[in-house]
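Q: Model the full structure from these sequences, guided by the hints.
Number of protein chains: 2
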Amino acid sequence: MAYTLSNNYEEEELVLSRFAKAMGHPARIAILKYLASLDACCFGDIHKELPIAKATVSQHLAELKDAGLIQGTIDPPKVNYCIDKENWAKAKVLFGALFDKVAAEDVDPKCC
Amino acid sequence: MAYTLSNNYEEEELVLSRFAKAMGHPARIAILKYLASLDACCFGDIHKELPIAKATVSQHLAELKDAGLIQGTIDPPKVNYCIDKENWAKAKVLFGALFDKVAAEDVDPKCC
DNA sequence: TTTGTTGTTCGTAAAATTACGAACTTATTT
DNA sequence: AAATAAGTTCGTAATTTTACGAACAACAAA
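Chains as they are written, first to last, in my numbering: chain A, 5 to 116; chain B, 5 to 116.
Because the hints were derived from the structure by calculation, they are not lab data.
Any given hint might turn out to be false.
Identical chains blur together in the list; that is why a pair holds if it fits in one copy or across any two.
As the list claims (entries may be wrong) - Below are the BS3-like pairs computed for lysine-lysine, each with C-alpha atoms no more than 25 Å apart in a straight line: (1) K52 with K105; (2) K96 with K37; (3) K96 with K25; (4) K58 with K94.
Note that the structure is a prediction, hence the values are computed from the model and not measured.
A: As structure tokens, then:
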């Protein structure tokens with residue numbers, strides 16, 4: 005990415021947007037939901053859950069891994085993926101803090 | 005977007021990924037953080053907070069609006085933006101439910 | 001050693017994203 | 001009526017994303 009002045013964004017904004025971006029595709033949400041309900045599972049099982057080619061699944065997994073949301077370990081001939089619990093906890097806190105910034109009680113559909 | 009078989013994703017996955025995608029840029033996180041701390045504010049104030057051209061700010065605001073995370077109302081010659089509290093609450097629930105799917109207690113950095 | 005299984009990587013094409021300045025719109029003010 | 005102010009929209013360029021099939025690598029089994 006090439007932000008003209010990415011220095012002008014706070015570290016927290018960069019981290020949070022990185023997590024959000026990784027979650028910004030239905031296939032990747034499906035993968036995360038699946039892995040979150042399991043302890044770990046291999047590429048093939050994930051692929052079976054999705055309506056896309058394996059090369060594309062691999063690409064999505066790589067993006068989730070690069071963002072830090074999942075981990076992958078080789079267990080020949082398979083590769084096991086699982087949630088990266090440390091970063092998962094970080095993401096949970098960051099999203100939670102943002103969502104909690106808005107007072108929930110006065111949910112007026114047309115505030116402006 | 006052109007997903008070969010977007011029917012194969014659950015509605016919830018589509019909605020959640022849509023919110024996440026909208027949050028997948030530091031400028032948009034900065035905007036949301038700013039608006040979440042205020043009741044509402046105009047375009048100009050938002051623009052002042054960001055290191056990008058006004059045309060680009062307008063574009064980012066449009067994306068947040070399309071995703072349903074914010075609302076904008078014209079108050080000539082200004083435009084006031086604010087968090088869409090109804091959808092904000094929905095997003096909070098959806099993200100929360102996903103993050104809570106993973107047991108927090110056993111945060112083992114290398115689970116697989 | 002050949003075959004099969006499992007996933008990744010490569011090459012590529014189409015579409016989406018991000019960014020900017022310039023032009024335009026809408027309404028107020030002079 | 002002209003000028004100003006506030007934002008949006010337009011046109012465009014560079015980059016990134018998404019997707020696929022084909023080729024490849026790593027290992028196990030026949």
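Q: Next step is simple, just say for each hint if it's right about the structure.
A: For each hint, the structure was consulted:
no.	hint	result
1	K52 with K105	between (39 Å within a copy, 21 Å between copies)
2	K96 with K37	both (14 Å within a copy, 16 Å between copies)
3	K96 with K25	both (14 Å within a copy, 16 Å between copies)
4	K58 with K94	neither (29 Å within a copy, 32 Å between copies)
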